[in-house]
Amino acid sequence: MKTFKCDCENNQILFFESSSCVACERVVGVDDNFNKVETYNLDEKSGYYFKANQPDIHYKKCDNNANYHICNGMVNMNNFEPVPNKDEVLCFACRFNETIPDLSIVEHIPLWKKMEVAKRRAIYTLKALSLPLDNIQQNPKSGLSFDFTTDRDVSDHFLTKLDDQETVFTGHDNGHITINLAEADEVARSNTKHAMGEQYRTLLGHFRHELGHYYFEKLIAKSKKKHELCKKYFGDDELDYQEALKKHYENGAPENWSDHFISEYATMHPYEDWAETWAHYMHIMDTLETAKNFNITGSIGDNLYSGNVGDLKLPQSSYFFSSQTSITSILDTWMDFSVILNSLNRSMGMNDAYPFVLTQSVRTKLSFIHHAIHDKLDRMPELTDEKKETLN
Numbered sequence: 001m002k003t004f005k006c007d008c009e010n011n012q013i014l015f016f017e018s019s020s021c022v023a024c025e026r027v028v029g030v031d032d033n034f035n036k037v038e039t040y041n042l043d044e045k046s047g048y049y050f051k052a053n054q055p056d057i058h059y060k061k062c063d064n065n066a067n068y069h070i071c072n073g074m075v076n077m078n079n080f081e082p083v084p085n086k087d088e089v090l091c092f093a094c095r096f097n098e099t100i101p102d103l104s105i106v107e108h109i110p111l112w113k114k115m116e117v118a119k120r121r122a123i124y125t126l127k128a129l130s131l132p133l134d135n136i137q138q139n140p141k142s143g144l145s146f147d148f149t150t151d152r153d154v155s156d157h158f159l160t161k162l163d164d165q166e167t168v169f170t171g172h173d174n175g176h177i178t179i180n181l182a183e184a185d186e187v188a189r190s191n192t193k194h195a196m197g198e199q200y201r202t203l204l205g206h207f208r209h210e211l212g213h214y215y216f217e218k219l220i221a222k223s224k225k226k227h228e229l230c231k232k233y234f235g236d237d238e239l240d241y242q243e244a245l246k247k248h249y250e251n252g253a254p255e256n257w258s259d260h261f262i263s264e265y266a267t268m269h270p271y272e273d274w275a276e277t278w279a280h281y282m283h284i285m286d287t288l289e290t291a292k293n294f295n296i297t298g299s300i301g302d303n304l305y306s307g308n309v310g311d312l313k314l315p316q317s318s319y320f321f322s323s324q325t326s327i328t329s330i331l332d333t334w335m336d337f338s339v340i341l342n343s344l345n346r347s348m349g350m351n352d353a354y355p356f357v358l359t360q361s362v363r364t365k366l367s368f369i370h371h372a373i374h375d376k377l378d379r380m381p382e383l384t385d386e387k388k389e390t391l392n
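Under UniProt numbering, residues 1 to 392 are what the sequence shown spells out, in order.
Note that these hints are calculated values from the structure, not bench results. Note that beta-carbon positions come from the ideal geometry of N, C-alpha and C, so glycine has one too. Fair warning: there could be bad hints in the mix.
Restraint-style ranges between C-beta atoms, simulated for each label pair [said to hold, decoys possible]:
#1 G349 x C24: 33 to 41 Å
#2 M1 x D164: 36 to 44 Å
#3 L131 x N53: 26 to 34 Å
#4 P254 x L159: 29 to 37 Å
#5 S323 x A353: 24 to 32 Å
Generate coordinates for the entire structure from the input sequences, incorporating the hints supplied.
And the structure:
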């Protein structure tokens with residue numbers, strides 16, 4: 001994730017979640033292009049906002065921004081597709097929401113904000129990669145939508161089941177993603193993490209995993225040729241899912257799972273292997289862009305031992321989201337940078353930020369994800385029988 005700059009005399013740094021400049025106190029937000037955080041000036045006569053370089057284009061704050069401070073979205077009032085629509089009240093990211101938490105319960109609001117922060121970060125990476133990104137108003141058949149709801153009581157960290165509430169499972173169904181609000185509660189999520197024996201469980205990770213299922217349908221399942229190729233890398237996804245789920249929770253992951261899979265859950269079924277690998281690809285891309293933004297990505301090797309921190313960066317011409325950037329260089333850079341990242345965490349007395357190993361099998365699957373995103377699966381190298389064996 002990039003940082004941005006205010007156009008005030010201090011050139012104050014702005015973060016993706018910023019809603020005002022701490023130096024000049026002007027409103028800060030992101031418009032429907034969803035690629036830049038910038039400042040907005042208020043036109044007191046009309047009550048609308050405008051950018052300094054586009055005074056004729058009017059904006060207003062997203063209702064969720066104005067009323068709940070959930071986002072920093074701005075709604076373009078002049079250029080709305082398919083036709084100008086001055087009645088639109090939600091920003092680009094909030095228009096993906098189908099169900100939001102029960103706001104009559106005040107404690108839900110800060111948890112909803114955490115959900116939105118994670119969702120918006122996930123969407124930013126998708127948009128940067130130029131992936132298809134329609135909401136259900138734009139594409140009723142296969143657009144993307146979210147439900148944020150719960151079946152448990154927030155007052156005891158979601159331990160108690162609410163009466164007359166259907167069970168809420170985090171998951172994906174034909175473009176519709178449900179995230180249980182309990183995942184935004186640190187105590188509830190930590191309890192689940194330890195109960196499940198997981199190394200890593202984050203709200204952003206949930207979004208990226210479920211989005212992985214969505215993009216499997218968008219990028220792979222609709223093409224017989226791509227689907228058959230995908231099976232060679234991730235296994236036969238026609239295996240009975242419920243049976244695989246039952247087997248996984250009864251027997252756990254295979255002993256040598258880390259040789260071939262990014263996580264224990266990825267061993268459960270090829271669908272989950274794809275979704276887990278997709279999520280990690282997104283983690284890697286977003287984190288590398290953040291590191292590059294601060295000029296700290298690159299090889300540690302001799303540079304580390306020479307003490308020349310200035311060498312720990314990639315040339316500015318390198319762009320991780322570009323289809324021209326090889327997955328090999330991305331993963332090599334990540335393996336080096338994750339050492340730095342984990343070491344920084346240890347210096348703060350925290351657990352490793354990325355407690356995973358990218359074996360050759362995992363790298364091959366990440367490569368498949370990379371080629372699928374950039375629609376270049378025809379350039380994937382042929383799998384030898386030996387490589388097929390190591391993937392499964």
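Give me the numbers of the hints this structure contradicts, sorted from smallest to largest. none
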